[in-house]
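Residue strings, one per chain:
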Amino acid sequence: MTQTPAVPTDAFREALAGLAAEYRSGLPARMAELDVLWAASQGGSMTPQALRRALHSIAGSAQTFGLADVTAAARAAEQKLDACCDANAPLPRESQEEFEILLKALKSAVQARA
Amino acid sequence: MATTPAFNLAPGDVITPTPAGEKELKDSSTLLKPSELELLVLMDGSSTVAEISRRAKSTPPDAVAAAMGDLVSKRLATITGKALSGDIDIGDFLRTGSFYVPQDGGEPVDEREATDGLSTLKKNGYYVRIARRAPVERKAAGGGRLTVVIVEDESSLAKLLKTFLGMEGFETRMAANRAEILEALRRAPVPDLVLLDVMLPDADGFNILEKLRAHPAFKKIAVIMLTAKATRESVLKGLSGGADGYITKPFEVDVLMKAVRAVLGMPED
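Line order of the protein sequences matches chains A and B. Quick note on numbering that gives the first Met the number 0: the first sequence kicks off at 0 and runs consecutively. Quick note on numbering that gives the first Met the number 0: the second sequence kicks off at 0 and runs consecutively.
FYI, nobody ran anything at the bench for these hints, they're computed from the structure. Any given hint could turn out to be false.
What the hints assert, rightly or not - Here are the computed distance ranges between Cβ atoms for each label pair:
| no. | chain 1 | residue 1 | chain 2 | residue 2 | range |
| --- | --- | --- | --- | --- | --- |
| 1 | B | Ala213 | A | Ala31 | 39 to 49 Å |
| 2 | A | Gln95 | B | Gly142 | 52 to 62 Å |
| 3 | B | Glu136 | A | Ala104 | 41 to 51 Å |
Said to hold, decoys possible - Below, a list of computed lysine-lysine pairs in the DSSO-like style, where the Cα atoms sit at most 30 Å apart:
| no. | chain 1 | residue 1 | chain 2 | residue 2 |
| --- | --- | --- | --- | --- |
| 4 | A | Lys103 | B | Lys122 |
| 5 | A | Lys103 | B | Lys121 |
| 6 | B | Lys257 | A | Lys103 |
| 7 | A | Lys106 | B | Lys121 |
| 8 | B | Lys81 | B | Lys161 |
What the hints assert, rightly or not - One side of the interface only, derived from the structure: several residues of chain A facing chain B at Cβ under 10 Å:
| no. | residue |
| --- | --- |
| 9 | Ser56 |
| 10 | Cys83 |
| 11 | Ala86 |
Ideal placement from N, C-alpha and C gives every residue a C-beta, glycine not left out.
Please model the entire structure based on the sequences and the hints provided.
Following this line, the structure appears as structure tokens:
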């Protein structure tokens, strides 16, 4: 085979709908995981690398499954962590409240799609 | 060696992609050379010819102005302003490839670039859909199916890509970490395409790209970086590392498929 067949559109749409539903159903667990990672980062001694990775993953995937608002909210929270993660430092205390607001906005976006 | 630019640019000209230039970066199929793509990516709407010249890595400094002049001639870029006062001899620029021109009462260009330039390159939210069209269609070994390695640790996206590419008639292999990447590459036949995420749990996509391009058996595999690293700096790193395409996440499947077809030299639908 060198010439691939055209995508069977209906079959693909059906598959995409199934994958999108699966993705949405997994989001609450991912929000809970963010809480755990955020709690672990708040001690002040750890950099929030794992938390940023988790947010990065949501930001890079949600819109593909039709959740553009979730991608936007995850991206905003991820960006809040960029500077400290790049500097390999914990999130400064003065930024923690701002991050919590962004995290809350992400959860609201997820809840609105539940 | 310096070449005569098709369109004369002054080092202080601010140069920006036109809508046609933006299309080359966002249309999932381009015939532009990596060096031309690099220049278009470096045009951030405020950088001058001299600044872009200093940042470009794929084109020798004395050829950057000519290359940008060609982009202007092709209507892929346009001059949108002048950042520096006074006339500067383009010959100096072509000879030296860089400038140090203090502005009246302002910071020298080098100092300004150290702050503005770097922050522009690192700024998140730069979305592209670059895929360089291969001149010749890739044929699968033994007339079989073309093989795509999907390097993706986000399981939902990995499943989506596998489903979609499978429906399109591709053979797929999945990898979510370094060990799985090695396993997927070692299997015969050598894959035709790698869709490569950048941020993996135990590996860096740019590092993997570098290793692929240095390996005699793998250096000709087409590679599309498929990543949420949405900065000019990352896009430039991928292109200069030899990626055939760079698509920022989130992506639409039809966009991705167009890019896959382009880098494999397949006809568009």
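Each hint, compared with the structure:
no.: 1; hint: B/Ala213 x A/Ala31: 39 to 49 Å; result: 42 Å, holds
no.: 2; hint: A/Gln95 x B/Gly142: 52 to 62 Å; result: 59 Å, holds
no.: 3; hint: B/Glu136 x A/Ala104: 41 to 51 Å; result: 47 Å, holds
no.: 4; hint: A/Lys103 x B/Lys122; result: 24 Å, holds
no.: 5; hint: A/Lys103 x B/Lys121; result: 26 Å, holds
no.: 6; hint: B/Lys257 x A/Lys103; result: 37 Å, violated
no.: 7; hint: A/Lys106 x B/Lys121; result: 27 Å, holds
no.: 8; hint: B/Lys81 x B/Lys161; result: 49 Å, violated
no.: 9; hint: Ser56; result: 5 Å, holds
no.: 10; hint: Cys83; result: 14 Å, violated
no.: 11; hint: Ala86; result: 13 Å, violated
In terms of the numbered hints stated before, the structure departs from hints 6, 8, 10 and 11, listed from lowest to highest.
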